[in-house]
Every structure is written in structure tokens, then in C-alpha cells.
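Undergrad: Residue numbers (our numbering), protein chains in the order written: chain A, 1 to 75; chain B, 1 to 701.
Hints listed in this document are in silico derivations from the structure and should not be mistaken for laboratory results.
Note that this is a predicted model, so its numbers are computed, not measured.
Among these hints, one or two may not hold up.
To be verified - Simulated pairs of lysine to any residue, SDA-like, Cα-Cα distance not exceeding 20 Å:
#1 B:Lys309 x A:Ala72
#2 B:Lys414 x A:Ala66
#3 B:Lys445 x B:Lys669
#4 B:Lys142 x A:Asp50
#5 B:Lys309 x A:Gly11
#6 B:Lys670 x B:Ile684
#7 B:Lys309 x A:Leu25
#8 B:Lys213 x B:Leu127
#9 B:Lys445 x B:Lys142
#10 B:Lys676 x B:Thr512
#11 B:Lys309 x A:Asp50
#12 B:Lys414 x B:Phe242
#13 B:Lys213 x B:Gly203
#14 B:Lys256 x B:Glu227
#15 B:Lys445 x A:Leu25
#16 B:Lys329 x B:Ile313
#17 B:Lys414 x A:Gly65
#18 B:Lys143 x A:Ala6
#19 B:Lys213 x B:Phe242
#20 B:Lys309 x A:Glu10
#21 B:Lys414 x A:Asp50
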Amino acid sequence: MASNLARLGEGSRAVVGDIAAAGELRRRLMDLGLTPGAGVECLFAAPSGDPRAYMIRGSVIALRGADAALVALAR
Amino acid sequence: MGLTLRSVGKNAASDAKDDLRSDITVALAGNPNVGKSTVFNALTGLRQHTGNWSGKTVVTARGYYDYKGRTVAVTDIPGAYSLRASSAEEEAARDYIAFGGADLTVVVCDAGALERNLNLALQILELTPNVILAVNLMDEAKKRGIAVDTGALSRVLGVPVIPMAARRGRGVEELRAAIDGFTPPPFAYTVRYGEDVERAAAGLEMALENVLKGRLGARYTALRLLEGDGRALENINGHLGFDVPSHPDVAPALEKARAELNNAGVENISDRLISGIYSAATGLCRECVSGGSGYGEGQLRIDRLLTRKATGIPVMLLLLALIFFITVKGANAPSDWLYALFERIGAVLSQGLAALGVPKAVHDALILGVWRVLSYVVSVMLPPMAIFFPMFTLLEDLGYLPRVAFNLDSGFRKAGACGKQCLTMAMGFGCNAAGVVGCRIIDSKRERLIAVLTNSLVPCNGRFPILIALITMFLVAGSGVGSSLLAALALTGFIILGAGATLAVSRVLSRTILKGEASSPTLELPPFRRPKIGEVVVRSLLDRTLFVLGRAAAVAAPAGLLIWLAANLRVGDTTVLAAVTGALDPVGRFLGLDGVILTAFILGLPANETVIPIIIMAYAASGTFEGYENLDSLRALLTQNGWTWVTALCTGVFTVLHWPCTTTLLTVKKETGSVKWTALAALIPTAAGAILCALIAHILG
Numbered sequence: 001m002a003s004n005l006a007r008l009g010e011g012s013r014a015v016v017g018d019i020a021a022a023g024e025l026r027r028r029l030m031d032l033g034l035t036p037g038a039g040v041e042c043l044f045a046a047p048s049g050d051p052r053a054y055m056i057r058g059s060v061i062a063l064r065g066a067d068a069a070l071v072a073l074a075r
Numbered sequence: 001m002g003l004t005l006r007s008v009g010k011n012a013a014s015d016a017k018d019d020l021r022s023d024i025t026v027a028l029a030g031n032p033n034v035g036k037s038t039v040f041n042a043l044t045g046l047r048q049h050t051g052n053w054s055g056k057t058v059v060t061a062r063g064y065y066d067y068k069g070r071t072v073a074v075t076d077i078p079g080a081y082s083l084r085a086s087s088a089e090e091e092a093a094r095d096y097i098a099f100g101g102a103d104l105t106v107v108v109c110d111a112g113a114l115e116r117n118l119n120l121a122l123q124i125l126e127l128t129p130n131v132i133l134a135v136n137l138m139d140e141a142k143k144r145g146i147a148v149d150t151g152a153l154s155r156v157l158g159v160p161v162i163p164m165a166a167r168r169g170r171g172v173e174e175l176r177a178a179i180d181g182f183t184p185p186p187f188a189y190t191v192r193y194g195e196d197v198e199r200a201a202a203g204l205e206m207a208l209e210n211v212l213k214g215r216l217g218a219r220y221t222a223l224r225l226l227e228g229d230g231r232a233l234e235n236i237n238g239h240l241g242f243d244v245p246s247h248p249d250v251a252p253a254l255e256k257a258r259a260e261l262n263n264a265g266v267e268n269i270s271d272r273l274i275s276g277i278y279s280a281a282t283g284l285c286r287e288c289v290s291g292g293s294g295y296g297e298g299q300l301r302i303d304r305l306l307t308r309k310a311t312g313i314p315v316m317l318l319l320l321a322l323i324f325f326i327t328v329k330g331a332n333a334p335s336d337w338l339y340a341l342f343e344r345i346g347a348v349l350s351q352g353l354a355a356l357g358v359p360k361a362v363h364d365a366l367i368l369g370v371w372r373v374l375s376y377v378v379s380v381m382l383p384p385m386a387i388f389f390p391m392f393t394l395l396e397d398l399g400y401l402p403r404v405a406f407n408l409d410s411g412f413r414k415a416g417a418c419g420k421q422c423l424t425m426a427m428g429f430g431c432n433a434a435g436v437v438g439c440r441i442i443d444s445k446r447e448r449l450i451a452v453l454t455n456s457l458v459p460c461n462g463r464f465p466i467l468i469a470l471i472t473m474f475l476v477a478g479s480g481v482g483s484s485l486l487a488a489l490a491l492t493g494f495i496i497l498g499a500g501a502t503l504a505v506s507r508v509l510s511r512t513i514l515k516g517e518a519s520s521p522t523l524e525l526p527p528f529r530r531p532k533i534g535e536v537v538v539r540s541l542l543d544r545t546l547f548v549l550g551r552a553a554a555v556a557a558p559a560g561l562l563i564w565l566a567a568n569l570r571v572g573d574t575t576v577l578a579a580v581t582g583a584l585d586p587v588g589r590f591l592g593l594d595g596v597i598l599t600a601f602i603l604g605l606p607a608n609e610t611v612i613p614i615i616i617m618a619y620a621a622s623g624t625f626e627g628y629e630n631l632d633s634l635r636a637l638l639t640q641n642g643w644t645w646v647t648a649l650c651t652g653v654f655t656v657l658h659w660p661c662t663t664t665l666l667t668v669k670k671e672t673g674s675v676k677w678t679a680l681a682a683l684i685p686t687a688a689g690a691i692l693c694a695l696i697a698h699i700l701g
């Protein structure tokens, strides 16, 4: 089981756990729907492997690896 | 493309309450890329440019329509995911809804991503109950197997919910009727954040009720006070004219509420509020939305093709080259035809002037100066643009541009910049001034400034045809399909040069005067949408055609006169133009150009469209532009004046990399409010171009 969103493999689904980001970024990530308990799926990656595109609450959002790593996955 | 001057130039909307023209004022809110601009256009009949990517509306626009004898003013406010402003646009959206004085707010939602869209809608409902929910893109959602029960949603929320497919005109009449018949709802849905938070908030809400006197929602204000949202509070205080948290009736209640939260063990109230809204949204969707979760298989396959390591970048370059190929191949015939037409009209005008007995000097200035330059600009500039822009707009409407930003983000990250800069570069293709305004979509101030300073490194529509002419005259011989293909590749090369320069300069800026780490941008990749081909073609053709023609008349005509005068007025035994070009010749030669070319770029400051006609006029012995008839005669003239393919290459490089036009510079000044940054916006590309040209000239020349 991947420990954080950046390690979630292409095509895998998971449930969001804690958000390790603080301040502005924390608020922004949660505001996008990355709240604890939300489902998330990694859809595809950019040619360089970073950023990756995630399905979050019906929308496809690209996150850079450094930021996705701050989103822990449940269990 | 992108933002035309039309939409950029629209007056930023002031407060709705100052609007005396209308009977009802409506604020149009919504997440980015939910078709807000389409709804706006459908309601008001205005042609706000729409595109399939987030952040199209960087300026608020206002439009009007009449319904049953009443005038309705609609303000299109910037798209926002949330009112917890993390960008200037979100802040603007929040302040407009809170303090703009609109009678009601229409929240446009994407039926396919209702859960996330409800995040914004529920926050707005906290601010005001006077809301209509327009659930747009119902048709698209249906294709993905998603159905929204708008009736049920309306019953739960207590406000009107209108299903729409605005692109097909569905739901527009219903929305108009709902706006017309709107009355403040007797009850509207309120998000509950749990016993502990509610108990703490209740007392504060009551205290605020008396202080605010209906000027602002007490619940909304109470939650912001508890959250300690500094920026929101600053605005609340500013608009109300007093410091709310320290008001004698509020301060004790606030202290008590905070203590209660503490006792209840609520550590991070902000987290609780965000999670609370999303749980509510999840609950609402469970009740009112059925089917479809996840991404369509076909969509995913296309996305993987467009973003894979092996195919992502090659497909992007191929698409670009293909568009250029069609442009180069298709523009030839109409250019010749237009020029011949202008020649014929010019001959008639010439006879007319002669018949009127106009002095020869005036006749020559008008026909050989003004008319010839105008002919060139229109006939050479217009066809490539009329072909390029509809195709580019199709890609844009399809939703391809955010994928490009996604693919190239790592390059921008390494340069300490934001992948969304790609989107502003794409706007720069159309017009750098529009591109500079478009930089507002970048949240980080530092990264926005980088994007502003580098925008003109992407050649705009005034410079494209210069490149095409140079390529077809000197860099690629012949006129068959093969050479058109080569020409397209060469043009792609110039774009890669501009993009490479953008990355390099961004990198240097990030390490020197604009030091800083890359921020954490989030980029939405919208679902692909089938563009409405007919509409796109007509719209971009008309917009472009009118724009180029207008510009030609406004700038090229006076420029033609000026150049004719400079080429014919004599100082001693030389003309003014010859004196200037002679003085600049050493510098020009050093850059692989010559004095004439450099002078043309300087005189082309108001509009790059005039660069080539100036070059031709200066070379032509009589000081008049003899007309180009075809590119062969033009090549002959240039070759006589010492041009080689290296000259053409250097001129091409300098076309991409030199100072931006005056309109763009004025826009940079306006956006940055700084003479220093404006000067840098001119200096940086010029320095890059000068260095590169000098290198090319000395290695190849």
C-alpha cells in the first residue's frame, strides 16, 4: 500500500489520510477536495513522471510530486 | 486567440449597486472551466471568449439583457474553486459576492463534478441565501453516465436549481425566467459543522447579528472570525469601516467562542470547516447524483497518448508542425490574390487622385507610402492568421492546452516557474499584450512576474508572417508540398527557440533578481470537449480578420506615410531614412543584420506588422515600396541588398527575440505598475536576441 499520494501507482485508487502540508498549501489541497476520507485515483503522469494527474471528486487535477507527497493515504 | 483585446479591454466591473442602467443585478460565479463564460454569453449575447481551460476569465466582464421589460445586468466574476481565497481571482470573486451589491448570485456548476463544485456553492450560500444554482454541462455528464436530480437538489438546498447545457442553448430561457422570478428563499441549506463548532459559533453569530445589521451574513462572518482568516477579515473590516473582532459587542463573544472550541478540543477549526463542507457536498451528491464515477476509458487512453514519455512531446510537436504546414501551404494563394486586388484598387485610386489634380508629392505619399504598406500588411498578414487561428482555437476548445502545460510543467519547475506559464505563452501566440494580462492566472507573484517578463519571447500574430516570409524566401526553396513541410518544420523550430528562450530566461530570473522556489501550482485538466467547429471558424475568422484589418488601418497606414516621408525628405545629399540606417549599420552588421533591418525593427515598435514593408521601402532606390508581386521579386530585392540565408536566419531570430511592441509594453506597465519591470520586459528579450544573433553571425557569417 502506497504511503502517500506521490507514490500511488498509475491506475491505483486510495483513500486520503492526513495532510502533512501546513498553512496556505494545506488549505488549498483540502479545498480541492483532498480531505481525510476522500477517494482519489492516480490517472496518468507527465512525460517526465512529474506532475501526475489525479481524479479528485470528479475532476482531474495535476499535482507536482513534492506536493502530492504531503498527502498521506489512509491505512 | 486567447483573450482578444475585445475581452481584455472590457471595463472592469465596478460595484453592482452603482449600476443605474439595470433593474436586477446578477453576479455569475462558479469554479473555473464549468462554462461560466458560455452561460454569460448565452444570457447577454456578448461574445466573451471561451476556451476549455481554467482561468479564462481574468477580468470581470459586465453584460446586459432585457427580459419582460426589465434590464438585467450580469457580472461575470473570475472563476474560483473556493471563497477561501488563495489567489487574487478568488479574492476578487469573494469580495464581489460579499460586497458587490448584486441582487442575486448565479452559481454555475459542472454536473460532472458536482461534489467539488458544491464546495463553492455551499460557501456562497453561507454568505447569501440569494442564490440560483445553474447545473451546467448536463449533456456531457450524461455521456459519462452521470445524472443529476436537480429537483431533489433544489428541494434540499431551498434555492432554484436549473439544469443546463449552455453550449447547446439548453436551460438558458429557464435561467432567465428563474432570475426574473427570484424571491429570497424562506429557508436555504446551511452546512452544519458538528455540535461543538455549532455551539461555539451560535453565541458569536447572535452578537454579530446586532452589529452587522444585515450588511453581511452573521454566520459567514462568525466562521471567518473563528477561523482567523486574516485576508477575509481585512476585507470585511475595510468594507464595514470598523474593526469587527475588536468591536465592544463582538470581542467578548469571540473570546468566549474560542474558549468553547478549545474546551471541546477542536484544534484546527479551518480543517473542520473545509471537511464539513465536503461531507455536506458528499451527502448531497449521494442524494441527488446517480451513476458515473471515475474517468472514461476512451478519455483515459487519449490522455495517456498525449502525456506518455514516448509520445507526449512528439505528438505536441507534430500537432504544431501540422498546423503550421496547413497555414504555410494554404496562405500562398489568398496572399497573391489579395495583393493583386489591392494593386488594382490602388491603380484606380491613383487615377482618381490624378484626375482631382492632387500634387504629385501628395499622390506619391498616399499611393506609394500609405496604400502600398497597407496592401502588404493586409495581404501578407491576413491569410496566415485566418488559417492559423481557427485551427489553434479548435485545439484550445478541445482542451488540449492544459495537457501541454501538464507535459511541460517539469521544465518550468526546473526553471523555478509555473507550468501554467504555457497557457500564457499560448495566449501570447495571439497577442503578447493579451498574454501578459493572462498571466493573472498564475497565483504566485514571483512566477507571475517571470511569465510577464518572458511573454514576448513567443512570437505573436504580428510576427508570424515575418517568419513565414523569411523561411519561404531564404531558408526553404521551392513551393511544393515537400518544401511547405520543411517550412512548417522551420517555423516549429522558431517556436521551439522562443519556448527554449522562455525556459532559459525564466531559469536565470529565478536564480537572480526573482529568486525563489517553485510554488505548488494545481492545474485542472478538463475533459475533452467536441469543439463546435462552425462557430469556432466563423468566430476566430471574423475576430481575427477585423482585428488585423483594424490594426492595419490604425498603424500600418500612418507608418507607411511616415516611412515614405523619411525616405523622401532630404537632409543635405541624403534622405532622412538613409541617414538613420547608415548610422545604425555597424550595429546591425554586428548582429548579422544591417542598418535597414535594425531601423525597421525600431520603427516597427508600434506594430511588428510593418517591419518587412519598411525594409523593402528602405532598399528600394526610389524610396517607395515597389510592391512585392510575389516572393521571388522580394527575394531578388533583398539579395541585391546583400541578404544571404544567414541574414534571414538572424532576422528571424531577432523577430522572435527583441523588444515587445508598444501595446505590450504599456500592458506590462499596467500589470506590474513598475517602470523597472517594464524596462526589463524590453531589455531581456533584446539582450537574448542580440547575443544569439551576434553568435550566429560570427559562427556562420
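Undergrad: None of the hints should be skipped; say for each whether it holds.
TA: Here's how the hints hold up against the structure:
no., hint, in the structure
1, B:Lys309 x A:Ala72, "violated (27 Å)"
2, B:Lys414 x A:Ala66, "holds (13 Å)"
3, B:Lys445 x B:Lys669, "holds (15 Å)"
4, B:Lys142 x A:Asp50, "violated (32 Å)"
5, B:Lys309 x A:Gly11, "holds (16 Å)"
6, B:Lys670 x B:Ile684, "holds (18 Å)"
7, B:Lys309 x A:Leu25, "violated (29 Å)"
8, B:Lys213 x B:Leu127, "holds (14 Å)"
9, B:Lys445 x B:Lys142, "violated (39 Å)"
10, B:Lys676 x B:Thr512, "holds (15 Å)"
11, B:Lys309 x A:Asp50, "holds (11 Å)"
12, B:Lys414 x B:Phe242, "violated (45 Å)"
13, B:Lys213 x B:Gly203, "holds (16 Å)"
14, B:Lys256 x B:Glu227, "holds (14 Å)"
15, B:Lys445 x A:Leu25, "holds (15 Å)"
16, B:Lys329 x B:Ile313, "violated (24 Å)"
17, B:Lys414 x A:Gly65, "holds (13 Å)"
18, B:Lys143 x A:Ala6, "violated (31 Å)"
19, B:Lys213 x B:Phe242, "holds (14 Å)"
20, B:Lys309 x A:Glu10, "holds (14 Å)"
21, B:Lys414 x A:Asp50, "holds (11 Å)"
Comparing the model with each numbered hint stated earlier shows that hints 1, 4, 7, 9, 12, 16 and 18 do not hold.
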